[in-house]
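Trainee: Just need the whole structure built from these sequences, with the hints factored in.
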Amino acid sequence: MAVISYREALRAAMRDELNRDENVVIMGEEVAQFNGAYKVTEGLLKEFGPKRIVDTPISEAGFIGLGIGASMLGIRPVMELMFWSFSYVAFDQIVNNAGNIRYMSGGLINCPIVIRGPANGGTNVGATHSHTPEAILASHPGIKVVCPATPYDAKGLLKAAIRDNDPVYVMENTILYNDKGEVPDEDYIVPIGVADVKRVGTDLTIVAHGRAVITSLKAAEILEKDHGVSVEVVDLRSIRPLDEETILKSVRKTHRALLVEENKPFCGVDAQVAYLIQSKAFDELDAPVHRVSSIDAPQIYCKRMEDLQMPNVERVVAEALKVLA
Amino acid sequence: MAKPAVLTHPESLKHPAGPSAYAKDPVNASMTKEAKIALYTKMARIRHFEQRCIRIYQQGKIGGFLHLYVGQEAVAAGTISLLGKDDHIITGYRDHGHGLMVGMGMNECMAELTGKVTGCSQGKGGSMHYFAPDKNYWGGHGIVGGQAPLGTGLAYAVKYKGLKGSCLAYMGDGAVNQGAVHEAYNLASLWDLPMIFVVENNGYSMGTSQERSTAHPGCLAKRAEGYNMAWDVINGHDVYEVRAKTALALKRAHEESKPTVLEIFTYRYFGHSMADPDKTYRDKEEIKTYRDKKDPVLLFEQELLREKVLTPELSQTINDAAMAEADKAAIFADESPDPTLADITKHIYWEEDNRGPKTTSRGTIIFE
Ligand SMILES: Cc1ncc(C[n+]2csc(CCOP(=O)(O)OP(=O)(O)O)c2C)c(N)n1
Ligand SMILES: [Mg+2]
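Going down the list, the sequences are from chains A and B. When the count follows this note's numbering, it moves up by one through the first sequence with no breaks and lands on 325 for the last residue. When the count follows this note's numbering, it moves up by one through the second sequence with no breaks and lands on 693 for the last residue.
No lab work stands behind these hints, which were simulated from the structure alone. What you were told as hints is all true, and nothing was included just to trick you.
Computed from the model, here is a short list of chain A residues facing chain B with C-beta under 8 Å:
| hint | residue |
| --- | --- |
| 1 | Gly74 |
| 2 | Ile189 |
| 3 | Val194 |
| 4 | Arg240 |
For each label pair, taking beta carbons as the anchor points, the in silico distance ranges come out as:
| hint | chain 1 | residue 1 | chain 2 | residue 2 | range |
| --- | --- | --- | --- | --- | --- |
| 5 | A | Tyr188 | B | Ser355 | 57 to 65 Å |
| 6 | B | Arg537 | A | Glu47 | 48 to 56 Å |
| 7 | A | Val200 | B | Thr670 | 31 to 39 Å |
If you want the footprint, here are the derived chain A segments under chain B, 3+ residues with CB under 8 Å:
| hint | region |
| --- | --- |
| 8 | 59 to 65 |
| 9 | 97 to 106 |
| 10 | 163 to 170 |
C-beta: ideal position from N, C-alpha, C; glycine also.
Mentor: Written out as structure tokens, the structure reads:
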């Protein structure tokens with residue numbers, strides 16, 4: 001077991017799958033010669049050559065549509081978006097084409113593509129580059145969405161995504177790219193749709209995904225140390241499919257739930273999770289479900305304010321205490 | 326009524342009264358008598374299938390949109406008649422003609438229109454979304470221009486696998502103003518893909534004539550030059566010409582792995598869809614002129630009569646058979662069952678439909 005970064009874990013996943021299946025192709029802006037805008041694909045061109053690692057023009061609808069078309073004939077493109085924010089210029093391809101083709105063809109065609117890249121705020125780049133579209137995309141049947149929070153999950157989920165026969169959208173986080181963690185060298189996957197209890201506790205369940213998991217784990221420590229509260233942190237890992245059982249099991253144990261995500265609150269992922277809890281564990285609850293999301297405004301540029309706009313440890317602790325009151 | 330639109334179809338492309346200048350082109354001259362009859366038969370089948378559709382639509386059995394191909398048959402017929410086992414096609418929502426040309430049956434096509442489970446997409450796609458991947462037909466796409474990148478990807482896959490094939494992506498004259506089409510043009514040329522973009526220029530995008538939609542003064546195919554691509558214009562009323570010029574583009578794709586834009590001048594006789602009353606943007610006379618003078622099915626019939634490939638009797642037999650086949654398809658569609666409530670949530674995910682020991686993903690994927 002090696003300790004590697006989230007970035008290296010993603011790269012290792014791609015390298016493994018490039019070696020395993022000759023139909024896997026990495027495509028995107030600056031992924032080859034430039035070694036990746038975030039160096040996630042560094043060295044892959046040298047190792048695999050230009051047939052497998054393909055630089056594209058700045059043409060998201062074009063190259064993602066091309067990848068979808070190629071996948072219908074058995075190619076398995078892994079397409080990098082420099083930011084998921086840029087997916088919006090390719091929305092028709094991502095949603096209408098990738099998400100619907102199997103359905104509209106009555107199951108005759110499938111679309112084994114992966115689109116991956118960072119989807120996060122918190123980087124002081126303003127509203128156009130800070131979108132978190134996991135809820136938007138996961139609301140479309142036909143699409144799978146995963147959000148790894150740790151190097152282990154990043155590698156395992158990306159490998160699972162590449163092997164998956166449906167479109168899987170992997171939402172990463174630039175702030176996590178340098179985070180380190182233990183990652184096995186040997187082949188493994190993290191099955192899509194399985195949440196992970198990242199911290200065991202008895203008094204409160206925090207449900208989170210992406211970097212909100214890391215924030216929640218830090219908050220859980222403070223809650224334990226300063227307030228004597230035992231917090232369980234459930235990392236969704238996958239948004240669709242959603243591991244409802246793990247969420248419900250935890251809530252049935254702690255009887256209190258706080259939902260944390262970096263999305264804006266309206267129609268966020270946690271709106272669905274809150275509905276799940278009230279519909280399937282209503283009688284188990286000792287307090288209403290609370291949420292911590294980003295403050296409901298386009299992402300602010302000013303760094304000091306952006307840090308407050310997003311869920312941070314202080315906000316999570318404060319909201320947790322309200323649920324426990 | 327608005328002033329009748331001036332069609333931008335160049336005069337030189339209008340069909341001469343006499344025989345096709347392209348009858349002697351090698352791809353046509355080399356056709357056997359049987360092949361010519363088969364091609365005519367396919368065009369007649371498309372025509373009669375769609376004319377039958379009109380009645381069924383009027384009976385209220387076809388929902389939503391129904392975009393007819395009547396008048397444009399020579400485009401699909403001419404191009405598709407040239408394709409081999411590694412040539413693929415993809416098109417927009419005016420997709421019935423292409424489907425019948427690749428060999429889809431009238432039954433599955435008709436049943437799809439009426440939303441029956443026996444339809445080609447089991448009633449999940451409808452008129453705009455026909456698919457037959459086993460026949461290299463990748464749809465049937467409802468979003469104008471959205472299929473152009475997909476087609477480019479099919480060509481990319483053909484090249485990636487080292488096959489000598491191609492992809493033909495069809496679109497309308499309105500679609501060329503979509504960004505996705507331009508992105509696809511650029512990629513196809515940049516990456517030397519065996520791609521043919523077929524612009525079926527019927528003069529109108531819905532109610533907007535080409536001159537009201539397009540800044541470029543020349544023909545639409547010429548835009549290919551901006552992407553360093555070859556292009557050509559074709560009289561789409563003459564199936565021989567369609568074949569002759571498409572054959573050159575196919576050769577370019579197969580031999581050189583280079584893309585082409587083909588603009589094929591054609592005309593639709595009915596409204597944009599059956600929902601279009603067709604009263605505001607073009608003159609009835611214009612439609613009549615095309616019907617009387619430039620009908621691609623009639624022109625090809627005359628051509629084959631002149632060549633003594635067809636006789637009036639044989640032509641009658643072919644047309645009667647096509648009509649009877651369409652009638653039978655209508656009955657088949659009528660008698661077929663609907664999909665069930667449970668079918669609504671099938672064919673969403675490959676993995677859900679193929680659960681087994683190899684399935685890795687878990688969790689709730691279809692929500693209540
Ligand atoms: C993105 C998008 N915008 C608008 C429409 C509605 N629409 C469907 S067909 C059409 C006209 C397209 O005309 P053209 O490309 O010339 O093809 P034709 O119908 O003549 O075959 C329009 C506006 C659509 N389906 N997709
Ligand atoms: Mg048109």
